[in-house]
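A.B. asks: Sequence:
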Amino acid sequence: MKAIVVCSNQSQLFDDPTMSKLIFARIQLLLQEPPGMLTFYEEHLNGGIKVDRDNTFYVGDAAGRFWSNELLKANCERVLALLQAADYSDKKYMRKKKNGQLEESDAATIIAKLKPSDLRNKFQRDFSDCDHKFALNNGIKFYTPEDYFCRLPHMKLTIDFEPKKVGLEPIALDITDGMIILVGPPASGKTFLCKHVFKAFTRVNQDELKTKDKCLRVAKELLQQGKNVVIDNTNSTVAARQNYLALSKEFGVKCTLVFLDVSKDFSLHFNRFRKLVEQPGHQAVPQVAIHTYYSKLQPPKESEGYERFIRITDRTFPVQHTPISQMYLP
7 MKAIVVCSNQ SQLFDDPTMS KLIFARIQLL LQEPPGMLTF YEEHLNGGIK VDRDNTFYVG
67 DAAGRFWSNE LLKANCERVL ALLQAADYSD KKYMRKKKNG QLEESDAATI IAKLKPSDLR
127 NKFQRDFSDC DHKFALNNGI KFYTPEDYFC RLPHMKLTID FEPKKVGLEP IALDITDGMI
187 ILVGPPASGK TFLCKHVFKA FTRVNQDELK TKDKCLRVAK ELLQQGKNVV IDNTNSTVAA
247 RQNYLALSKE FGVKCTLVFL DVSKDFSLHF NRFRKLVEQP GHQAVPQVAI HTYYSKLQPP
307 KESEGYERFI RITDRTFPVQ HTPISQMYLP
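Numbering (the numbering used here) for the sequence shown: 7 to 336.
Please keep in mind that the hints were generated in silico from the structure rather than gathered at the bench. In this text the structure is predicted, and so the values were computed from the model without any measurement. Be careful, since some hints might not be right.
[Said to hold, decoys possible] Per label pair, the in silico range of CB-to-CB distance: (1) Ser95 x Ala68: 50 to 56 Å; (2) Phe257 x Ala295: 51 to 57 Å; (3) Leu215 x Asp58: 15 to 21 Å; (4) Val11 x Arg321: 32 to 38 Å; (5) Gly53 x Val291: 39 to 45 Å; (6) Asn61 x Phe198: 37 to 43 Å.
Glycine is no exception: its CB is placed at the ideal position from the N, C-alpha and C atoms.
With the sequences and hints as input, model every part of the structure.
C.D. replies: Quick look at the structure:
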């Protein structure tokens with residue numbers, strides 16, 4: 007049996023009661039282990055019959071493409087030629103006027119006035135890559151509308167970040183005492199390390215304590231009590247790190263710098279993961295916070311004076327993957 011399934015996140019579709027019965031948009035099913043909408047279709051709208059993914063394809067325009075000028079010009083000319091060659095005489099079209107009213111429109115007349123340059127903005131850059139990722143997550147073939155309907159030259163699609171490659175060579179962290187200063191962007195796994203790896207250390211975090219001064223004061227009190235301390239802040243500047251380094255020297259404890267030298271895509275991916283799998287006290291941050299970190303980062307150096315310097319990358323981060331964290335998240 008063959009079928010066409012429409013997947014959309016456009017809430018306006020629900021303005022039409024008839025349409026809302028046919029299209030299952032705005033259902034937040036990514037919290038389930040398999041990709042959401044196609045799984046929902048299989049279980050609730052297809053009588054439990056599994057989709058034959060080997061013989062299924064998905065067509066979408068959000069593919070993460072950026073068109074070169076040469077390809078942009080050729081595609082605009084090709085699309086316009088296809089539009090001009092089509093026969094619209096047996097079809098009726100409506101367009102919305104500025105006052106919101108609908109009026110009958112003659113497609114051929116509109117197309118006759120078009121020039122290739124009028125179509126440039128339609129192709130210059132995709133607003134997202136979520137359609138491509140949807141197909142990848144579901145294990146089905148993917149086409150853009152230009153590929154499938156217009157037979158335009160195929161543009162090779164790329165994915166900048168492969169979540170399944172995170173943690174392929176996890177680092178062993180054997181820090182047992184003293185002070186740990188973490189350096190890394192938001193959503194890079196700093197708090198994860200505190201909770202799952204540095205269990206013998208008391209965590210100091212500015213999101214909870216609110217000010218830098220209070221973080222320093224609490225860290226000093228903990229060292230006075232003979233406790234091990236881990237500083238769970240971005241610590242992106244030399245000045246921020248030096249304050250804690252000086253504190254460790256004051257109390258004569260070993261200071262280890264752990265630099266989460268991960269890609270921006272790593273941080274953006276796990277920030278999206280936070281948004282899908284919310285945990286108390288561990289919410290997603292605005293993306294601008296991640297971009298700001300990278301723009302202001304002063305990369306730490308061993309010469310700053312640490313007893314140990316440990317660098318963690320995308321590949322060496324000791325991640326505990328879930329089915330969702332391994333997906334391509336839009």
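A.B. asks: Now tell me if each hint is right for this structure.
C.D. replies: Against the structure, the hints come out as follows:
no. : hint                        : verdict
1   : Ser95 x Ala68: 50 to 56 Å   : violated, 33 Å
2   : Phe257 x Ala295: 51 to 57 Å : violated, 32 Å
3   : Leu215 x Asp58: 15 to 21 Å  : violated, 54 Å
4   : Val11 x Arg321: 32 to 38 Å  : holds, 37 Å
5   : Gly53 x Val291: 39 to 45 Å  : holds, 42 Å
6   : Asn61 x Phe198: 37 to 43 Å  : holds, 40 Å
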